[in-house]
Amino acid sequence: MPEKKITIQAARFDPDKDQEPHLQSYEIPFYDDSMVVLDALNYIKSHVDGTLSYRWSCRMGICGSCGMMVDGVPKLTCNAFVRDYWPKPIVIEPLTNFPIVRDLVIDMDDFMDKLKSVKPWIIRRQEIPLGAGEHRQTNEQIDEFRQFSQCINCMLCYAACPVYGLDDKFLGPAATALARRYNLDSRDQGLKLRQPVIGDAEGIWECSFVGECSVVCPKGVDPAKAIQQSKWDTTLRFVVPYGNRD
Amino acid sequence: MATETEVLPATRVYRRRLSTGWWTRKRNYFLYVVREFTSLPLALWLLWFLWEVQRAKLGTYHPPASTAFVIFSVIVLVFALYHSITFLSLAGSILHFRVLDRPVPSRLVVLAQFAIWAVASAVIAAVLIGFGTYT
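Protein sequences appear in the order of chains A and B.
Numbers in my numbering are just positions in the first sequence, counted from 1, shifted up by 124.
Numbers in my numbering are just positions in the second sequence, counted from 1, shifted up by 1.
Careful: at least some of the hints might be erroneous.
[Claimed, not checked] Here are the simulated lysine-lysine pairs, DSSO-like style, with alpha carbons at most 30 angstroms apart:
{"no.": "1", "chain 1": "A", "residue 1": "LYS343", "chain 2": "A", "residue 2": "LYS212"}
{"no.": "2", "chain 1": "A", "residue 1": "LYS212", "chain 2": "B", "residue 2": "LYS27"}
{"no.": "3", "chain 1": "B", "residue 1": "LYS27", "chain 2": "A", "residue 2": "LYS343"}
{"no.": "4", "chain 1": "B", "residue 1": "LYS27", "chain 2": "A", "residue 2": "LYS293"}
Calculated directly from the structure, the hints in this document are not laboratory data.
As the structure is a prediction and not an experimental result, all values here were calculated from the model.
Whole structure, please, built from the sequences with the hints as guidance.
See the structure below:
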């Protein structure tokens with residue numbers, strides 16, 4: 125039986141040589157139905173062209189490192205099966221809306237700064253001593269924020285967001301979803317510290333509810349919901365007496 | 002090996018800009034832009050409506066002369082329905098209420114919004130028809 129082949133068209137960009145990115149074609153064996161796009165890239169890297177650069181780590185949709193545009197759609201390449209594209213060529217490009225460092229590697233500094241700005245960790249006015257025991261939570265309290273805690277910072281939502289593409293000052297979907305995750309956490313007391321960033325003109329109010337961030341999220345997080353709920357809460361805090369609670 | 006004081010040259014990055022036709026690339030983007038665009042004819046309709054009210058107040062209002070307004074209203078009605086239905090459907094996922102310490106399902110919130118919308122539309126229609134009969 126002849127060996128099946130798949131053509132991978134990967135974006136290449138060498139900052140020292142190229143003015144702009146271009147596509148390079150690789151025809152490689154499609155050896156297994158369980159083969160994912162990341163496997164194809166790893167095959168190219170190992171057997172065809174060792175200069176191809178891209179990020180990856182866990183291969184199981186946990187680390188969020190291998191996000192790329194697969195046929196124009198932001199996807200985790202470890203979660204995109206080659207069989208779903210074969211026999212057509214697969215075009216792999218770096219995530220849109222981010223500067224390209226090299227080939228399929230993007231500059232993620234802007235996202236990291238935004239993530240840090242919303243303080244995505246539990247903030248307490250006064251820490252209790254370790255000996256006092258753990259902070260107890262009921263299942264209902266966990267359910268309040270559970271889905272937002274699934275975010276793996278893969279940045280697919282930023283690549284899908286035209287608002288961020290048009291204005292990169294926008295805080296963006298994942299950072300807001302994680303801010304909401306901590307604001308909804310019964311153990312957290314940091315809402316007032318996050319609010320200036322979230323409620324800023326470049327924060328939640330910049331979002332005009334395209335909704336594509338929630339469509340592309342590989343972990344089922346709904347960042348669009350987090351943003352709209354934050355708008356609702358921020359408005360209530362502003363108009364309702366004593367709404368400016370912690 | 003770089004010493005602590007040595008400043009490494011910044012890496013050149015390639016920056017991309019969204020093309021002006023980005024919203025034609027995907028169905029969802031297109032529907033989103035259409036939804037946003039519907040606000041414009043709605044605003045124009047409101048201005049025209051206020052002008053018609055002004056004409057009625059001055060006693061120069063003759064219904065046949067407003068055929069264009071009626072046609073425009075029917076067209077804008079389609080935009081208004083599209084905008085309202087998409088907005089109310091999405092808003093169901095935004096609003097989160099608790100009744101008896103249990104979250105209200107978003108489907109129920111959406112249905113309640115459509116019910117309020119229908120009642121509000123009926124009340125406004127009654128007021129406008131009453132206003133038209135009176136004048």
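Output the numbers, in ascending order, of every earlier hint that fails for this structure.
Every hint satisfied by this model.
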